[in-house]
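J.: Sequence:
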Amino acid sequence: MATGSARYVRYILFAFFGLAVFYFISHSSYEGVRLQDGTFTKPGAPTNGQQQQQQQQGENKDAEKPKQAPQSDANRPKVGEAYNPKDWPMPLTPNEPGWDELSGIAPGPRMNATFVTLARNSDVWDIARSIRQVEDRFNRRYNYDWVFLNDKPFDATFKKVTTSLVSGKTIYGEIPKKDWSFPEWIDQEKARKVREDMAQRKIIYGDSVSYRHMCRFESGFFFRQPAMMNYDYYWRVEPSIELFCDIHYDPFRFMKENNKKYSFVLSLYEYVETIPTLWDSTKKFMKNHPEHIAEGNSMGFLSDDGGDTYNHCHFWSNFEVGDLNWLRSQQYIDYFESLDQDGGFFYERWGDAPVHSIAASLMLPKDQIHFFNDIAYYHVPFTHCPTGEKVRLDRRCHCNPKDNFDWKGYSCTSRYFEINGLDKPEGYENQQD
1 MATGSARYVR YILFAFFGLA VFYFISHSSY EGVRLQDGTF TKPGAPTNGQ
51 QQQQQQQGEN KDAEKPKQAP QSDANRPKVG EAYNPKDWPM PLTPNEPGWD
101 ELSGIAPGPR MNATFVTLAR NSDVWDIARS IRQVEDRFNR RYNYDWVFLN
151 DKPFDATFKK VTTSLVSGKT IYGEIPKKDW SFPEWIDQEK ARKVREDMAQ
201 RKIIYGDSVS YRHMCRFESG FFFRQPAMMN YDYYWRVEPS IELFCDIHYD
251 PFRFMKENNK KYSFVLSLYE YVETIPTLWD STKKFMKNHP EHIAEGNSMG
301 FLSDDGGDTY NHCHFWSNFE VGDLNWLRSQ QYIDYFESLD QDGGFFYERW
351 GDAPVHSIAA SLMLPKDQIH FFNDIAYYHV PFTHCPTGEK VRLDRRCHCN
401 PKDNFDWKGY SCTSRYFEIN GLDKPEGYEN QQD
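The sequence shown: position 151 = 151 (full-length UniProt numbering), numbered continuously.
These are computed hints drawn from the structure, not numbers from a lab.
Ideal Cβ placement from N, Cα and C applies to all residues, glycine included.
Check before you lean on any hint, since a few could be wrong.
Quick list of in silico lysine to aspartate or glutamate cross-link-like pairs, EDC-like style, CA-CA up to 16 Å [as the list claims (entries may be wrong)]:
no.: 1; residue 1: LYS202; residue 2: GLU273
no.: 2; residue 1: LYS287; residue 2: GLU273
no.: 3; residue 1: LYS283; residue 2: ASP305
no.: 4; residue 1: LYS390; residue 2: ASP100
no.: 5; residue 1: LYS424; residue 2: GLU389
no.: 6; residue 1: LYS190; residue 2: ASP207
no.: 7; residue 1: LYS260; residue 2: ASP232
no.: 8; residue 1: LYS256; residue 2: ASP367
no.: 9; residue 1: LYS366; residue 2: GLU273
Restraint-style ranges between C-beta atoms, simulated for each label pair [said to hold, decoys possible]:
no.: 10; residue 1: ASP187; residue 2: TYR271; range: 17 to 25 Å
no.: 11; residue 1: ASN230; residue 2: ASN75; range: 20 to 28 Å
no.: 12; residue 1: PRO97; residue 2: TYR269; range: 39 to 47 Å
Could you build all of it, start to finish, from the sequences and the hints given here?
T.: Structure below.
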């Protein structure tokens, strides 16, 4: 009898517990994921049908209103259209309004400008890294185009990867054979012996044919490629570079509004063995074309004796922002063609960096060449890290100032400051050898 009574008591307890659980579930709220479409639905929120109805009603209301451009795009001048810089102030220092506005599309005009990269299909992942550096630090807010050049057709993978990373348009150009080959006046046997000799002397790239084609192309042809002819300014980017700081303003616009034709971040001495007669060819050009030599030029950057000899200083051309119309000018073309006829790209190993540097230093007034101290840059093996702690902190830089090459013994940047009468930035002494 006692056993039967205990069984009834357990039944009653189980029934009571079941009713309690049912009551709790039926009166509780549940935030769940709808399995059929993977959307998150909160109790009390509109159902999918209600959301669609509300969205449709909203769209109908919006259709009745005239669409307005985003504030950053409102009344922006078209590319190439004249504008008043005062109408579109561009913050160059942390004290100016808009300095910290680094999200969204930047307001203001855009220059007729492009990034340009010479690359092979096999460089795709190295250039992808460079693109992310440039986009994350600058171009995601400005959406400038990017021109890629190759002496072979770009493959589908290269185009797909680079197009997905660039915020502006991507243009792919194949270099014609005439711009990437030996000119007809070059003695092939003589050029071959030069390469063999340089290989024995272990001169960097001394035995490379493709490197010589590249240097000649960058010296005289990249700015005349069909893919480049629609632009006025360029920013050269190579594979595997790094940018260490945020760029708060538009360097293209800075160049235009301040009448700058050429710019750099690193400078150094060229390998003497690669350019033994480059200055001789340059002096011949200066004698034949005195009309191309600018007053107030930067001869002091190139020579310690008024032009009799070359000190081998040059701006490192793997980073340069420049004026394409200057490179297309008669003065620059005359210089390149004079050098090309002398054959030093193949009989020696003339690089595009000293060619660009000599041309800019002789043909431009010194105030048209600009040093971008605030663009922190790395290309193996050298680093430009802005001098001055405040400069680095204001731009959220992550480079080690001890790596800065600017004030080392093999750098020519001190010479640039001296010939322009510029004070070196505070703290430069701590970054010397």
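J.: Determine for every hint whether it applies to the structure shown.
T.: How the hints compare with the structure:
no., hint, in the structure
1, LYS202 <-> GLU273, "holds (10 Å)"
2, LYS287 <-> GLU273, "violated (25 Å)"
3, LYS283 <-> ASP305, "holds (13 Å)"
4, LYS390 <-> ASP100, "holds (15 Å)"
5, LYS424 <-> GLU389, "holds (14 Å)"
6, LYS190 <-> ASP207, "holds (13 Å)"
7, LYS260 <-> ASP232, "holds (12 Å)"
8, LYS256 <-> ASP367, "holds (13 Å)"
9, LYS366 <-> GLU273, "violated (28 Å)"
10, ASP187 <-> TYR271: 17 to 25 Å, "holds (23 Å)"
11, ASN230 <-> ASN75: 20 to 28 Å, "holds (24 Å)"
12, PRO97 <-> TYR269: 39 to 47 Å, "holds (42 Å)"
The structure does not agree with the numbered hints 2, 9 stated previously, though it agrees with the rest.
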